[in-house]
Amino acid sequence: MTDTDGRSAFDSGLTTPDFAACLSMGLQPVALVQGFYVGQLGAWSSYRANAVHTYPCPWGWRGTNEHPPPGWLGTQDAVDEAWATAFATAHQRMVQEAEGLGAHGVAGVQVEMGHPASEQSTEVHLYGTAVRLAGTAPGSLWTTRIAGHKLAKLVEAGYAPVSVLYARCTAAMYEGCYMEHYGSNMVPAGTALTPVQDVHNLARTRALQQAWQLAGGHSLYDVELSAHEGEGQTMYVTCQVLGSLVRRVRPTLPLATPVSTVALRD
Amino acid sequence: MTDAPAPRSAFADRAHQEADLGELGRLLAQAHGAGDIGRGCTSHLSLDEVLLLHAVGLEPASVVTSTSAVTVPPGVWTWNTGQVQEADYAFAEAFGVTRDQLRVQAKQVGALGVVTVDIELRLDPHRFVITMMGTAVRAATDEHGNAHFPVRYPTPFLCDLSARDFVVLSRSGWYPIDLVAGASFVHAPRRGLGAAIGQATQNVELTPMTETLYAARELAMGRLQQEIGRVQGTGLLDVRVVDRPMGFAHHVIRFTAVGTAVKLLAEAHVHPELEMVVPVDDRVAAFDARNLD
Numbered sequence: 001m002t003d004t005d006g007r008s009a010f011d012s013g014l015t016t017p018d019f020a021a022c023l024s025m026g027l028q029p030v031a032l033v034q035g036f037y038v039g040q041l042g043a044w045s046s047y048r049a050n051a052v053h054t055y056p057c058p059w060g061w062r063g064t065n066e067h068p069p070p071g072w073l074g075t076q077d078a079v080d081e082a083w084a085t086a087f088a089t090a091h092q093r094m095v096q097e098a099e100g101l102g103a104h105g106v107a108g109v110q111v112e113m114g115h116p117a118s119e120q121s122t123e124v125h126l127y128g129t130a131v132r133l134a135g136t137a138p139g140s141l142w143t144t145r146i147a148g149h150k151l152a153k154l155v156e157a158g159y160a161p162v163s164v165l166y167a168r169c170t171a172a173m174y175e176g177c178y179m180e181h182y183g184s185n186m187v188p189a190g191t192a193l194t195p196v197q198d199v200h201n202l203a204r205t206r207a208l209q210q211a212w213q214l215a216g217g218h219s220l221y222d223v224e225l226s227a228h229e230g231e232g233q234t235m236y237v238t239c240q241v242l243g244s245l246v247r248r249v250r251p252t253l254p255l256a257t258p259v260s261t262v263a264l265r266d
Numbered sequence: 001m002t003d004a005p006a007p008r009s010a011f012a013d014r015a016h017q018e019a020d021l022g023e024l025g026r027l028l029a030q031a032h033g034a035g036d037i038g039r040g041c042t043s044h045l046s047l048d049e050v051l052l053l054h055a056v057g058l059e060p061a062s063v064v065t066s067t068s069a070v071t072v073p074p075g076v077w078t079w080n081t082g083q084v085q086e087a088d089y090a091f092a093e094a095f096g097v098t099r100d101q102l103r104v105q106a107k108q109v110g111a112l113g114v115v116t117v118d119i120e121l122r123l124d125p126h127r128f129v130i131t132m133m134g135t136a137v138r139a140a141t142d143e144h145g146n147a148h149f150p151v152r153y154p155t156p157f158l159c160d161l162s163a164r165d166f167v168v169l170s171r172s173g174w175y176p177i178d179l180v181a182g183a184s185f186v187h188a189p190r191r192g193l194g195a196a197i198g199q200a201t202q203n204v205e206l207t208p209m210t211e212t213l214y215a216a217r218e219l220a221m222g223r224l225q226q227e228i229g230r231v232q233g234t235g236l237l238d239v240r241v242v243d244r245p246m247g248f249a250h251h252v253i254r255f256t257a258v259g260t261a262v263k264l265l266a267e268a269h270v271h272p273e274l275e276m277v278v279p280v281d282d283r284v285a286a287f288d289a290r291n292l293d
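Residue numbers (the working numbering), protein chains in the order written: chain A, 1 to 266; chain B, 1 to 293.
These aren't lab readings, by the way, just hints derived from the structure by calculation. Be careful, since some hints might not be right.
Here are a few chain A residues that sit away from chain B, every Cβ distance over 12 angstroms (derived from the structure) [what the hints assert, rightly or not]:
1) Gly74
2) Trp142
3) Val155
4) Pro251
Simulated DEER-style distance windows between Cβ atoms [claimed, not checked]:
5) A:Thr194 x B:Arg244: 25 to 35 angstroms
6) A:Gly102 x B:Pro154: 30 to 40 angstroms
7) B:Arg240 x A:Thr194: 27 to 37 angstroms
8) A:Gln233 x B:Pro154: 40 to 50 angstroms
9) A:Pro68 x B:Ala55: 32 to 42 angstroms
10) B:Gln226 x A:Ser140: 48 to 58 angstroms
11) B:His144 x A:Gln233: 39 to 49 angstroms
12) A:His67 x B:Ile197: 22 to 32 angstroms
13) A:His67 x B:Thr81: 37 to 47 angstroms
14) A:Val38 x B:Ala55: 44 to 54 angstroms
15) B:Pro125 x A:Val52: 46 to 56 angstroms
16) B:Pro125 x A:Glu119: 23 to 33 angstroms
With a Cα cut of at most 20 angstroms, we get these calculated SDA-like pairs of lysine to any residue [as the list claims (entries may be wrong)]:
17) B:Lys263 x A:Arg206
18) A:Lys153 x B:Gly38
19) A:Lys153 x B:Asn80
20) A:Lys153 x B:Lys107
21) A:Lys153 x B:Glu23
22) A:Lys153 x B:Gly40
23) A:Lys153 x B:Gly57
24) B:Lys263 x B:Asn146
25) B:Lys107 x A:Arg206
26) A:Lys153 x B:Gly22
27) A:Lys153 x B:Pro154
28) A:Lys153 x B:Leu169
29) A:Lys153 x B:Val56
30) A:Lys153 x B:Asp36
31) B:Lys107 x A:Gln209
32) A:Lys153 x B:Ala140
33) A:Lys153 x B:Leu47
34) A:Lys153 x B:Ser46
35) A:Lys153 x B:Asp48
36) A:Lys153 x B:Ala55
37) A:Lys153 x B:Ala31
38) B:Lys107 x A:Trp212
39) A:Lys153 x B:Arg26
40) A:Lys153 x B:Gln30
Model, not experiment: these values are computed from the prediction. Ideal Cβ placement from N, Cα and C applies to all residues, glycine included.
Bound-form chain A, shown alone (with noise of 0.2 angstroms):
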């Protein structure tokens, strides 16, 4: 596309909206820029599972052919581990991509995560608005899901974008024969089913724990966290975390008190 110029015009992201606020920040748009990454998940990866905790036998057998092992809790460190990897190369691409243009950072920035081929594969697609700060020389580059008004009052509210950040672990649980002990009628109504807990909150914890650690002091705003459970003998609880890491540049808060309003909206 060129303009009557001749010369390249900008494309981005940003709705019309988005445009507009961006613009009344001196920030201007310079390109949609993306990062890719594609990449397969070793063959062992989701069958490994560094144990963190054991279940003995409820009814106290051990040993036996007929018995099933122990359950157990664990983390897969290496699926999470490649997913990790595939979020940050595609995110060091985009990165690239806007230093290349002289940007000072990326606004409105999306995210896709997902299995091209099959299971064993992972594909993470960042793409989002390259945008300059006009009249101002290059720093650090940030990148931000946050764009247009959101954006405008972010910094008006006294902070500053940092980066996009993303978090996950999944936890796996073998119930073993303890399941089946619950099951039973020995069990009353209300018992804590501890493996179906710890696995649930380990998931959570750890991957809230990783964010914590990724963000470095900063804070994390904007987050979607979200849990999702495969049920088999072996129970595996996803849980990503992703959001915008903002840092805070001035202790006040201009900000107007709210006011309770009523709409004469039909």
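Following the hints, position chain B against chain A.
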């Protein structure tokens, strides 16, 4: 992987030369070299919600989450009459434990309470799994280190109200106390074979089902009232009611009610001053080609 950079846009070049950053742009430019202020946090609130909370003296501290799973013994869903007491107990236990764990986490991060708690109820035949997730909030401090949130909670409050609802509520002098729930599972009695055959061609009320719904409701709402009393609340807001047959046992009626217990903690109720707003962005009636048909 570094492809050749795309040509810089003509628009950006021109704008770069004609720089007029405006107030926000200047703030953003200053932020480039500025150091960090304040404490880090994680929050699943939107930016609007964070700013609203700031206005009442709160700031996000950390995302907190907890899950509780409890057993439901086999056989409790088979045809029977009356309450399914095991299920009632299991629900109360799972809800209570999840709530307590969330409060412990809030306490660990030094929070005053947790707002916008998402509650996920998974009621399977042999287990009830309840998950809660919310953003723990703490008192925001000014540059002198002074906090301005007016209420001192002895233990962190929990609420499923949005930040906007929280602000509206607190500006009226009311504050959330705790999450409360009441649940009841009741068997609907079968019609007799004769009645079923006799009514097969008629439009009739299924009286046993209606009565079971009433019974389940009475029990659940009674428990809800007990819970509100236990936490010394004076009311309940944002209650979400589910009353329907269980998917895996159609003859059992489930009635669950979950909400936030609130209390007037200011000296008196403050009537909010409402400003009238007339939006001027209504949809405009436009030409529709179908009108020509």
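The hints, checked one at a time:
no. : hint                                    : result
1   : Gly74                                   : 17 angstroms, holds
2   : Trp142                                  : 9 angstroms, violated
3   : Val155                                  : 5 angstroms, violated
4   : Pro251                                  : 5 angstroms, violated
5   : A:Thr194 x B:Arg244: 25 to 35 angstroms : 30 angstroms, holds
6   : A:Gly102 x B:Pro154: 30 to 40 angstroms : 55 angstroms, violated
7   : B:Arg240 x A:Thr194: 27 to 37 angstroms : 29 angstroms, holds
8   : A:Gln233 x B:Pro154: 40 to 50 angstroms : 45 angstroms, holds
9   : A:Pro68 x B:Ala55: 32 to 42 angstroms   : 57 angstroms, violated
10  : B:Gln226 x A:Ser140: 48 to 58 angstroms : 57 angstroms, holds
11  : B:His144 x A:Gln233: 39 to 49 angstroms : 59 angstroms, violated
12  : A:His67 x B:Ile197: 22 to 32 angstroms  : 51 angstroms, violated
13  : A:His67 x B:Thr81: 37 to 47 angstroms   : 39 angstroms, holds
14  : A:Val38 x B:Ala55: 44 to 54 angstroms   : 45 angstroms, holds
15  : B:Pro125 x A:Val52: 46 to 56 angstroms  : 29 angstroms, violated
16  : B:Pro125 x A:Glu119: 23 to 33 angstroms : 29 angstroms, holds
17  : B:Lys263 x A:Arg206                     : 35 angstroms, violated
18  : A:Lys153 x B:Gly38                      : 18 angstroms, holds
19  : A:Lys153 x B:Asn80                      : 59 angstroms, violated
20  : A:Lys153 x B:Lys107                     : 30 angstroms, violated
21  : A:Lys153 x B:Glu23                      : 12 angstroms, holds
22  : A:Lys153 x B:Gly40                      : 19 angstroms, holds
23  : A:Lys153 x B:Gly57                      : 18 angstroms, holds
24  : B:Lys263 x B:Asn146                     : 25 angstroms, violated
25  : B:Lys107 x A:Arg206                     : 19 angstroms, holds
26  : A:Lys153 x B:Gly22                      : 14 angstroms, holds
27  : A:Lys153 x B:Pro154                     : 34 angstroms, violated
28  : A:Lys153 x B:Leu169                     : 24 angstroms, violated
29  : A:Lys153 x B:Val56                      : 17 angstroms, holds
30  : A:Lys153 x B:Asp36                      : 18 angstroms, holds
31  : B:Lys107 x A:Gln209                     : 17 angstroms, holds
32  : A:Lys153 x B:Ala140                     : 18 angstroms, holds
33  : A:Lys153 x B:Leu47                      : 8 angstroms, holds
34  : A:Lys153 x B:Ser46                      : 12 angstroms, holds
35  : A:Lys153 x B:Asp48                      : 8 angstroms, holds
36  : A:Lys153 x B:Ala55                      : 14 angstroms, holds
37  : A:Lys153 x B:Ala31                      : 14 angstroms, holds
38  : B:Lys107 x A:Trp212                     : 18 angstroms, holds
39  : A:Lys153 x B:Arg26                      : 14 angstroms, holds
40  : A:Lys153 x B:Gln30                      : 16 angstroms, holds
Checked against the numbered hints above, the structure violates hints 2, 3, 4, 6, 9, 11, 12, 15, 17, 19, 20, 24, 27 and 28; every other hint is satisfied.
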